[in-house]
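Chemist: In case you want the letters, here they are:
Protein chains: 2
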Amino acid sequence: VRLVRTIDWVDGAVEIIDQTALPDEVRVLRLSTVDGLVDAIRRLAVRGAPALGVAGALGVALAVREHADPAAAITAVRTARPTAVNLARGADRAAAAVPAGPDAVLAEALRVRDEEIASSAAQGRLGADLVTALCGEAPRLLTHCNTGALAAVVDGTALAVVAELHRRGTLGGVVASETRPLLQGARLTAWELRQMGVPFRVAIDSAGPFLMARGQVDAVILGADRICANGDVVNKVGTYAHALGARRAGIPFLVVAPESTVDSGTPDGASVEIEDRGPSEVLAFRGTRTTPDGVDAVNPAFDVTPYDLVTAIVTDRRVIRLDKGERLQ
Amino acid sequence: VRLVRTIDWVDGAVEIIDQTALPDEVRVLRLSTVDGLVDAIRRLAVRGAPALGVAGALGVALAVREHADPAAAITAVRTARPTAVNLARGADRAAAAVPAGPDAVLAEALRVRDEEIASSAAQGRLGADLVTALCGEAPRLLTHCNTGALAAVVDGTALAVVAELHRRGTLGGVVASETRPLLQGARLTAWELRQMGVPFRVAIDSAGPFLMARGQVDAVILGADRICANGDVVNKVGTYAHALGARRAGIPFLVVAPESTVDSGTPDGASVEIEDRGPSEVLAFRGTRTTPDGVDAVNPAFDVTPYDLVTAIVTDRRVIRLDKGERLQ
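Going line by line, the protein sequences match chains A and B.
Residues 1 to 329 (the numbering used here) make up the first sequence, in order.
Residues 1001 to 1329 (the numbering used here) make up the second sequence, in order.
What the hints contain is simulated information worked out from the structure, not anything from laboratory work.
One thing to keep in mind: the hints can contain errors.
[Claimed, not checked] Chain A stretches covered by chain B per the calculated footprint, using a threshold of three residues with CB under 8 Å from any CB of chain B:
hint: 1; stretch: 52 to 62
hint: 2; stretch: 66 to 78
hint: 3; stretch: 187 to 194
hint: 4; stretch: 217 to 224
hint: 5; stretch: 285 to 294
[What the hints assert, rightly or not] Chain B stretches covered by chain A per the calculated footprint, using a threshold of three residues with CB under 8 Å from any CB of chain A:
hint: 6; stretch: 1074 to 1085
hint: 7; stretch: 1128 to 1136
hint: 8; stretch: 1146 to 1158
hint: 9; stretch: 1197 to 1207
For each residue, glycine too, the CB sits at the ideal point set by N, CA and C.
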């Protein structure tokens, strides 16, 4: 099943599926200003590393249409969220075309979009081959957060592998972590898996390591927001706990992300700024308060999984077997 | 701060604080039938290993008042939830007095209650001494689920240690895991910590291991629903993931529970039946749906932490340093 594109350029504006409205409603937002796009990025109406790369590039296309001097607007797009390298990278690619004029900027932004579409298909094929090689037929996979079409343009990253295995008829089933606090797994991954017809169950995030220990999961497969030069993986908070669980259970821990997620300028996870998104997401659950009044929360949006816990990284171009001593560069 | 008793015998009936109504409302339920008590146990209106032990004993006191032949009612109390050993143990103690008549049954049940109160105080003292010995002054502790007065009669288990450290003026602060799916941490532990005046923040469950990796937690301290003969700990799902995080971070992982939680009849965690509480708790939160329609969930209520990940077990009678090779028997 192909969904409509999560993000695209339509008649002079950016259109996105508002992911905060899913699964209740498929609402398309039309964003014709940089301010509107930056707001959508900040409140996670558009999210996922590949989709953010496209958002960064298309945001620059908006900026050069909106402003005679687009520098401040480009910076606003580029820094709308601090952790995802793809956002800045997509913005930088489009911004490099600014001297050549708005049409050149848009053309470059659309190339970013088209490359993400091709990239998803390649990740799906390489990842499916690897899962079959490591786990044999009918593997039961656990995934975290949302890495499907909604995180990319179409298809996605880790969920592109799930989709490819399902098309090949060699998928045993999926456990989707709900992914507190914003429930991207329960809301978005569940919605996509149901559309694909994949057999799956949702679990709370902290059940994952125990399901692995009891032999109910054959591999963990998920995405990355940033991959450091040494192989450390920055991804949605909860990724690290699942990696610890996979290691103890002796099952593969696989990271699937486009090559553009690899950030050779960041030596390791310790040097990455981790966004704290503030207490309100933790203290409420889709608008229902979870705690007494006057309570504070700590809310890191991402965590760091050290490279030694990662079996392999799959990109659109290659498979890096960290467990066999292979390195990114 | 002492709360009212979580569970008690008042004028011929069992009275409990209905924990499903917290933190919004402090509602006292008066239960004068076995059916009512069993229902309250099943829907977690009363929960926590020590409180369940008292509930089991007082349930038998109800049964002998209600039925000429109380055997079936006693079994209903004893098996209202499958995993917690204290429930069956409390019921068995009171049931042993059945031949001596209803007054003897009630007297034994009240002894179970009074012993739990004394047990909490002893755990608080022993645990506080151990935390100070391991972590020095002002340790920052992470706890999971609810182990305070609401899980016992007064004071609790792991939270009794927190309370004792706070009274001594040697507590740095607390991170309380929210504890999906039923949010005992966000609802109940946050409520108790605020009443105590302890500085704390709530975190989603899967953030714990990362906070440890970043040096923001000095020790993990939590309770147990059952401790197996080999030291494996059966506790609220999420405990195991926190133990993996503590091990990787090199910080102590401490389990505080009454001696009655030790079940020498269960050799290890692999032989414990783990209750799956069904999908509805995962797919909704206090009536708010999290997933699209027609989605299934896997929902283990507990997990097993292997003894080799446990630094020490603190009971009301002793400290067992598993990390130093000490064993329960």
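Chemist: Please verify the coverage claim for the stretch 1197 to 1207 of chain B: does it have three or more residues whose C-beta sits within 8 Å of some C-beta in chain A?
Modeler: Holds, because 8 residues of the stretch 1197 to 1207 of chain B bring their Cβ atoms closer than 8 Å to Cβ atoms of chain A.
Chemist: If you look at each residue in the stretch 52 to 62 of chain A, do at least three have a Cβ nearer than 8 Å to any Cβ of chain B?
Modeler: violated (count 0)
Chemist: Check whether three or more residues of the stretch 217 to 224 of chain A sit with their beta carbon closer than 8 Å to a beta carbon of chain B.
Modeler: violated (count 0)
Chemist: Examine the stretch 285 to 294 of chain A: at least three residues should have C-beta closer than 8 Å to a C-beta of chain B.
Modeler: As far as the stretch 285 to 294 of chain A goes, the hint holds, because 8 residues have Cβ atoms under 8 Å from chain B.
Chemist: Tell me whether the statement that chain A covers the stretch 1146 to 1158 of chain B is true, taking a Cβ distance below 8 Å and needing three residues at minimum.
Modeler: violated (count 0)
Chemist: Per the coverage rule (Cβ-Cβ under 8 Å, at least three residues), is the stretch 1128 to 1136 of chain B covered by chain A?
Modeler: Per the Cβ count (0), the hint is violated.
Chemist: Tell me if chain A covers the stretch 1074 to 1085 of chain B under the three-residue, 8 Å CB rule, please?
Modeler: violated (count 0)
Chemist: How about the stretch 187 to 194 of chain A: do at least three of its residues have a C-beta closer than 8 Å to a C-beta of chain B?
Modeler: With 4 residues in contact (Cβ-Cβ under 8 Å with chain B), the coverage given for the stretch 187 to 194 of chain A holds.
Chemist: Does the stretch 66 to 78 of chain A contain three or more residues whose Cβ lies closer than 8 Å to a Cβ of chain B?
Modeler: Since three or more residues must qualify, the claim that chain B covers the stretch 66 to 78 of chain A is violated, with 0 doing so at under 8 Å.
Hints 1, 2, 4, 6, 7, 8 from the list above are not met by this structure, while the remaining hints are.
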